[in-house]
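Protein chains: 2
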Amino acid sequence: METTEPDANVTRIMLAVNESSIKGYPHASISSRGAFEWTIQKIVRSNTSGFKLLFLHVQAPHEDGFEDMDSIYAFPEDFKTMKHRDQTRGLHLLEYFVTRCHEIGVACEAWIKEGDPKEVICREAKRMQPDLLVVGNRGLGPFQRVIAGTVSEFCVKHAECPVVSIKRRPGETPQDPVDD
Amino acid sequence: METTEPDANVTRIMLAVNESSIKGYPHASISSRGAFEWTIQKIVRSNTSGFKLLFLHVQAPHEDGFEDMDSIYAFPEDFKTMKHRDQTRGLHLLEYFVTRCHEIGVACEAWIKEGDPKEVICREAKRMQPDLLVVGNRGLGPFQRVIAGTVSEFCVKHAECPVVSIKRRPGETPQDPVDD
Numbered sequence: 001m002e003t004t005e006p007d008a009n010v011t012r013i014m015l016a017v018n019e020s021s022i023k024g025y026p027h028a029s030i031s032s033r034g035a036f037e038w039t040i041q042k043i044v045r046s047n048t049s050g051f052k053l054l055f056l057h058v059q060a061p062h063e064d065g066f067e068d069m070d071s072i073y074a075f076p077e078d079f080k081t082m083k084h085r086d087q088t089r090g091l092h093l094l095e096y097f098v099t100r101c102h103e104i105g106v107a108c109e110a111w112i113k114e115g116d117p118k119e120v121i122c123r124e125a126k127r128m129q130p131d132l133l134v135v136g137n138r139g140l141g142p143f144q145r146v147i148a149g150t151v152s153e154f155c156v157k158h159a160e161c162p163v164v165s166i167k168r169r170p171g172e173t174p175q176d177p178v179d180d
Numbered sequence: 001m002e003t004t005e006p007d008a009n010v011t012r013i014m015l016a017v018n019e020s021s022i023k024g025y026p027h028a029s030i031s032s033r034g035a036f037e038w039t040i041q042k043i044v045r046s047n048t049s050g051f052k053l054l055f056l057h058v059q060a061p062h063e064d065g066f067e068d069m070d071s072i073y074a075f076p077e078d079f080k081t082m083k084h085r086d087q088t089r090g091l092h093l094l095e096y097f098v099t100r101c102h103e104i105g106v107a108c109e110a111w112i113k114e115g116d117p118k119e120v121i122c123r124e125a126k127r128m129q130p131d132l133l134v135v136g137n138r139g140l141g142p143f144q145r146v147i148a149g150t151v152s153e154f155c156v157k158h159a160e161c162p163v164v165s166i167k168r169r170p171g172e173t174p175q176d177p178v179d180d
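These protein sequence lines are chains A and B, in that order.
Here the first sequence is numbered in the numbering used here, starting from 1 and rising by one per residue.
Here the second sequence is numbered in the numbering used here, starting from 1 and rising by one per residue.
Not one of these hints is a red herring.
In silico SDA-like links for lysine to any residue, alpha-carbon gap of 25 Å or less:
{"no.": "1", "chain 1": "B", "residue 1": "K157", "chain 2": "A", "residue 2": "V178"}
{"no.": "2", "chain 1": "B", "residue 1": "K167", "chain 2": "A", "residue 2": "H158"}
{"no.": "3", "chain 1": "B", "residue 1": "K157", "chain 2": "A", "residue 2": "E124"}
{"no.": "4", "chain 1": "B", "residue 1": "K157", "chain 2": "A", "residue 2": "E153"}
{"no.": "5", "chain 1": "A", "residue 1": "K157", "chain 2": "B", "residue 2": "T39"}
{"no.": "6", "chain 1": "A", "residue 1": "K157", "chain 2": "B", "residue 2": "T150"}
{"no.": "7", "chain 1": "B", "residue 1": "K157", "chain 2": "A", "residue 2": "P142"}
{"no.": "8", "chain 1": "A", "residue 1": "K157", "chain 2": "A", "residue 2": "D116"}
{"no.": "9", "chain 1": "A", "residue 1": "K126", "chain 2": "A", "residue 2": "G90"}
{"no.": "10", "chain 1": "B", "residue 1": "K126", "chain 2": "A", "residue 2": "E172"}
{"no.": "11", "chain 1": "A", "residue 1": "K113", "chain 2": "A", "residue 2": "D78"}
{"no.": "12", "chain 1": "A", "residue 1": "K157", "chain 2": "B", "residue 2": "E160"}
{"no.": "13", "chain 1": "A", "residue 1": "K167", "chain 2": "B", "residue 2": "P162"}
{"no.": "14", "chain 1": "A", "residue 1": "K157", "chain 2": "A", "residue 2": "V120"}
Source of the hints: derived by calculation from the structure; they are not laboratory data.
With the hints as extra help, turn the sequences into a complete structure.
Below, the structure is given as structure tokens:
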């Protein structure tokens, strides 16, 4: 088959990341970290200049009218100037991934949007047109899924770009498997 | 997160490939070629030594008792010794992909199994434990899917490894979109 589109300079991989439901402070969820580590170890590998990672964190709407932040975070220093109020809203989550990317040497961007995670992830994937969307999932059974819902299933079905869903490793499942 | 498993030497990507339903002779389907090109352009990129591609072609059972071939094809020369009877059964399909891999310089293996494609792909993914399974899909609408069924949806749902389904590009859709 002929290559019908020009070879882009880098492969852009979008990762939807979220906070852990276990710890009080906004750490990355087990699934998010698993999806990130899989992307680095299995896809990026040593070819750090061939990829760019796009981290999206979707916040549930806040009563006090918190609005979308259009800021894009690409360097660890970008987080030093953030306001305290933003710190409590998941920017530490993005700082974790941006710092890891800089340690590894892979380019990245990170941003936050507000809304229903599954809808916003698909909307942002449509806007950003990544080559691949990576989402973590808790690997719940059918009964737990009915209760907990899964963002990953929705994205696999509705996102316009290729999507891969990375299951949490069984050994990493917390006491309550709905937690993450 | 700590890396809990040793960094494997290569990322093993399994591609389920099938024959075109359009042409008389066993060429690769449009979806299969699209899934392959996406894997090379977006994932492997220039890092050819970091990946190994595993091509599985599943044949529908034949009346004359054709059995699983346990042969593995890894080099273009491997196809020179094949019997004529095998040529008509999709080995040319594998030869296409193995030859392309050798042109590109990425290691590969290819093999054929008999049975129901969706079941066999998931069984072989379980046996081979690839890091990623790539399947092509025709990008059919909901109504066409009910009639045509889709192997990719089944694999996304049932395979134990991460799965990415690569939609056929709209410009490549044949006259009858159920064809491929």
